[in-house]
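4 protein chains.
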Amino acid sequence: MSNSSSSSSKAPLRVLIWNEFRQERDARYQTVYPQGIHAALHGALTSPDLLIGVSTLDDPEQGLSEQRLAETDVLVWWGHIAHEEIADDVVDRVQRRVLEGMGLVALHSAHEAKIFARLLGTSGALLWRTNEPRAETLWLVNPAHPIGAGVGPSFVLEEEEAFGEWFDIPEPDELVFVSWFSSGEVFRSGCCFQRGRGRIFYFRPGHETFRSYYDANVLRVIGNAIRWARPALEAAAGAAEDQRWRP
Amino acid sequence: MSNSSSSSSKAPLRVLIWNEFRQERDARYQTVYPQGIHAALHGALTSPDLLIGVSTLDDPEQGLSEQRLAETDVLVWWGHIAHEEIADDVVDRVQRRVLEGMGLVALHSAHEAKIFARLLGTSGALLWRTNEPRAETLWLVNPAHPIGAGVGPSFVLEEEEAFGEWFDIPEPDELVFVSWFSSGEVFRSGCCFQRGRGRIFYFRPGHETFRSYYDANVLRVIGNAIRWARPALEAAAGAAEDQRWRP
Amino acid sequence: MSNSSSSSSKAPLRVLIWNEFRQERDARYQTVYPQGIHAALHGALTSPDLLIGVSTLDDPEQGLSEQRLAETDVLVWWGHIAHEEIADDVVDRVQRRVLEGMGLVALHSAHEAKIFARLLGTSGALLWRTNEPRAETLWLVNPAHPIGAGVGPSFVLEEEEAFGEWFDIPEPDELVFVSWFSSGEVFRSGCCFQRGRGRIFYFRPGHETFRSYYDANVLRVIGNAIRWARPALEAAAGAAEDQRWRP
Amino acid sequence: MSNSSSSSSKAPLRVLIWNEFRQERDARYQTVYPQGIHAALHGALTSPDLLIGVSTLDDPEQGLSEQRLAETDVLVWWGHIAHEEIADDVVDRVQRRVLEGMGLVALHSAHEAKIFARLLGTSGALLWRTNEPRAETLWLVNPAHPIGAGVGPSFVLEEEEAFGEWFDIPEPDELVFVSWFSSGEVFRSGCCFQRGRGRIFYFRPGHETFRSYYDANVLRVIGNAIRWARPALEAAAGAAEDQRWRP
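Chains as they are written, first to last, in the working numbering: chain P, 1149 to 1395; chain S, 1149 to 1395; chain G, 1149 to 1395; chain D, 1149 to 1395.
The reader is advised that the hints may include incorrect statements.
Because identical chains share one entry, a pair is satisfied inside a single copy or across any pair of copies.
Claimed, not checked - Below, a list of computed lysine to aspartate or glutamate pairs in the DMTMM-like style, where the Cα atoms sit at most 25 Å apart:
#1 K1262 to E1214
#2 K1158 to D1197
#3 K1262 to E1233
#4 K1262 to E1219
#5 K1158 to E1233
#6 K1262 to E1307
#7 K1158 to D1240
#8 K1262 to E1232
#9 K1158 to D1237
#10 K1158 to D1316
#11 K1158 to E1307
#12 K1158 to D1206
#13 K1158 to E1322
Keep in mind the hints are simulated off the structure, nothing from the lab.
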């Protein structure tokens, strides 16, 4: 099925939720997602306009085969302790698909994922002081942005891990959310980028020991971001164009 | 009818095509739009998802009453020789509606319209050398942008008026088209801005003596821009919020 | 003396600190600036590379005559309760000078000044809840920006007035600081814009009842901003160019 | 010597001109730079405020050792037929230095260099039709930008290779030049980016068979870009900060 049909207003958007899925299987991490973060997101994001699949790091081809990516309009990414295990050729093909038009929604610790650095060119480093629970308030700084629809002017997560600035990313094309933490930090927590024909959204919340992926506002934002990141109608055609490279 | 309903996927988008409509009524200008530019655009943009009206400078309240604007989701603007006649309170209310979320598609000589300067803060000045006919090629510099859907990688207008840089505008939030002219100029001819909750698109082609508003690609871009500029679902609600100003 | 000489590395930069200067003369406001905010800034910013003057709203021509502006490279602006008293033709000429290349450093309540709205096109509205003292931490979100030199990664003001998002400004060209407030708000508190040939910096701190303009970090930022906003060497020449407007 | 001293107004800026230097040594390519492009640039850019060195691909460690990079404030890069030969660990260390604050001026075919893709995240692909000589006019689209000082409003190169859009780069932080080609293309030919603490400028002219690096305007722009890309005074200190990464 072509991107253009899947991007029409009728065909559902093909979403792949990829999860590292290591900590949830290990009791020592005390995650609050017994079936995995991917399963929690899959259940919560179900909607007639989305055709959602899941895959994980320990699946064949790390869950990101050429075929799988070719059938994906928007990829949602959660990873944390195993970033280094992602094979470079997997990173290569995810990047290639984003440049062709596939959307990418990068969650929380994905700020250190290889694919994030590959697409943005920076380290993704940030200020981190503790993973003790902190209150986080996400403030919407662009009330007309579609990713913020339905959650403004702000919403609160009672317990989250705090991230602080400086966050080493390029100046975002659009800044949607800024977070306030009870421990004194601020963070650019909702950031839009475009690379090639693909749209990228980084969204901060989601430490594995806190319940953010059960929060209605967080889920609303992720759902909005998936729809915002859908490939342009032209992307499939465009990628096939005779775009001649310089010899 | 609220903005939110008109912005849903079902209710048509309420479009107002506003035209100065002076030169078309005066044979000396030799325009190629005997019924007016607004009429040409109205006819060509007709579509089930758009509810299009027209108004002109010589209508009551200059065609832009509070009521009319309140019922408009996206305003298309063409003006040229009578910019100075627009009353300041009309400019005030158009600006207010854009800040609330109404889209604005500013065409060609609108680069010198009061409302353009009001929203952008700059002079809108540009390099102008002649209105002799020139060939113009519009190159799409962002192939995934919805405003460029269906017209890339470039399209040609055999006869147009040339505009040149420097164009005194703020750096656009997104640059969509750059024009090449046979007389040696380039121009940022498709520029996106956001002000308040409203989206603004400036699109260069459309001198009154040339046939650009009969060109399929130009019309496709204007149609795309109207849909891109539709108010956010949240705009109506947002504007009604108790946003407290500093006393 | 031309801008180009004043912008060279030898001639001092001509700075004008303009202050509304009303509240400081009225005991009811309990400001902490007995000689005026302009005097506090003048004293603190003194430096061999700056030639600093001051003027106030109650001076002839509201302290902003054509001549005065022509001799100014960077204008620093503080105003609060008398924004509406600024004459429109004064706003016109300040805008014209910014478009020609004069820098503008807009402080605190200047978010509601006419000149700020004129140059940015938005309302400048923000979320305001109280002027009770709050702790503010300013986080540097671009550590290589010259305006942040010497004050990162963050600094604290023990008592300030809190401002909150949404702040109705265009997406800044560059975002330098984000503020955290003890009362739960965040704010984009250091924002760069360019309009025409002129650079604009908005800097949030400076409520009249708090001591921010005695704070070394605040003063360092304002000093950095003044130097960053200096006119381009080309600005004077450029403004004199035969930039032909479209007839 | 620390970056901070080299960035002061007194110590010269340490510039390294790196050149692939293959085509100039091979008569079949008919380059017009018998001593190499690096030598032409070195000679022309000589100035008391610059301490310029050169290195090439066939030097030890590909001319880009850790030590060499540690002593470089701004790196100028020209490469074309041997992009693939650059070792990945060399790309790693150049990227690391840019993120720390070293400036990068990427010339012409560098749009396909590994380091360019590494920092920008995109393919750098563009539309290419021929290397037959074309006339190129570079138009300055930001007359106050320091990189354009002294060359506006436009300048002409009688013979160059034409590049066309779409150019697959992220939307530049600042766009300085747009090129017009006699063969009908336009190109964003002067583009600013920031990654980490480092500034990057891409500048289009410079095909090996044409004389652009003898052109006074081209040289002026490259000289301006070198000075614009100098490390922030804070970069050295900043990079040494205890910026704690998330574990």
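Structure-based check of each hint:
Taking the shortest Cα distances, K1262 and E1214 sit within 25 Å of each other both inside one copy (18 Å) and across copies (23 Å). When the C-alpha separation of K1158 and D1197 is checked against a cutoff of 25 Å, the pair qualifies both within a copy, at 8 Å, and between copies, at 15 Å. Within a single copy, K1262 and E1233 get their C-alpha atoms as close as 10 Å, and across copies as close as 23 Å, so both meet the 25 Å cut-off. In the homo-oligomer, the alpha carbons of K1262 and E1219 lie at most 25 Å apart inside one protomer (22 Å), although the nearest pairing across protomers, at 29 Å, exceeds that limit.
Taking the shortest alpha-carbon separations for K1158 and E1233, neither the intra-copy value of 38 Å nor the inter-copy value of 46 Å comes in at or below 25 Å. For the identical chains of this complex, K1262 and E1307 are neighbours neither inside a copy (27 Å) nor across copies (42 Å), given an alpha-carbon limit of 25 Å. When the C-alpha separation of K1158 and D1240 is checked against a cutoff of 25 Å, the pair qualifies neither within a copy, at 31 Å, nor between copies, at 40 Å. For a Cα distance limit of 25 Å, the shortest separation of K1262 from E1232 qualifies both inside one copy, at 7 Å, and across copies, at 21 Å.
Taking the shortest Cα distances, K1158 and D1237 never come within 25 Å of each other, neither inside one copy (34 Å) nor across copies (44 Å). In this homomeric assembly, K1158 and D1316 never come within 25 Å of each other (Cα to Cα): the closest approach is 39 Å inside a single copy and 30 Å across copies. Within a single copy, K1158 and E1307 get their C-alpha atoms no closer than 38 Å, and across copies no closer than 39 Å, so neither meets the 25 Å cut-off. In the homo-oligomer, the alpha carbons of K1158 and D1206 never lie at most 25 Å apart, since the shortest distance is 33 Å inside one protomer and 43 Å across protomers.
For a Cα distance limit of 25 Å, the shortest separation of K1158 from E1322 qualifies neither inside one copy, at 28 Å, nor across copies, at 28 Å.
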